[in-house]
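Asker: In this note's numbering, each residue's number is its place in the sequence shown (first place is 1) plus 4.
Everything labelled a hint here was simulated from the structure, so no lab data went into it. Each hint should be verified, as a subset may be incorrect.
Stated by the list, open to error - Taking lysine to any residue and the SDA-like style, the derived pairs with C-alpha atoms no more than 25 Å apart in a straight line are:
1. 88 / 98
2. 40 / 30
3. 22 / 82
4. 88 / 49
5. 22 / 71
6. 77 / 41
7. 88 / 78
8. 24 / 67
9. 54 / 67
Note that the structure is predicted; figures quoted are calculated from it, not measured.
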Amino acid sequence: MANEGSHLGGNMLTKVGKLKTAEENGPIILENAEGKNYEVNSVIAFVWGKLDGATTDDKISEELSTIAQIENKEAQNVVTEAIKALQDVELVEAQA
5 MANEGSHLGG NMLTKVGKLK TAEENGPIIL ENAEGKNYEV NSVIAFVWGK LDGATTDDKI
65 SEELSTIAQI ENKEAQNVVT EAIKALQDVE LVEAQA
C-alpha cells in the first residue's frame, strides 16, 4: 500500500513568516506574521523551508533521512515534532 503524506490531518502545510537571519555558524531566526522572532535549529529551519503547500511531510522525511543518514521512521518523527513546534508559534498554516 502506498504511503501518502499524513500532512498532519490531511491538510497540506505552508510556511508562514520569513527567515530573518541565518548567518553561517550563527543563530537561525524565523519571524512569524505577527513579527515575533524565534530561534530555531537547522532541522526545524530545513523542515520550515520545505513547507511549500505542495511537498508532503513524507517527502520531507525522505529527504531528511537521506541528508542526515538516519532511518526513515526516525526522520518522520523528527519532521512531525518540527511541524508541531512550528504550528505552536504560528510559522506554518494549513492550505485551504
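Asker: Decide, hint by hint, whether the structure agrees.
Answerer: Outcome of the hint check:
{"no.": "1", "hint": "88 / 98", "verdict": "12 Å, holds"}
{"no.": "2", "hint": "40 / 30", "verdict": "19 Å, holds"}
{"no.": "3", "hint": "22 / 82", "verdict": "22 Å, holds"}
{"no.": "4", "hint": "88 / 49", "verdict": "13 Å, holds"}
{"no.": "5", "hint": "22 / 71", "verdict": "23 Å, holds"}
{"no.": "6", "hint": "77 / 41", "verdict": "30 Å, violated"}
{"no.": "7", "hint": "88 / 78", "verdict": "16 Å, holds"}
{"no.": "8", "hint": "24 / 67", "verdict": "24 Å, holds"}
{"no.": "9", "hint": "54 / 67", "verdict": "10 Å, holds"}
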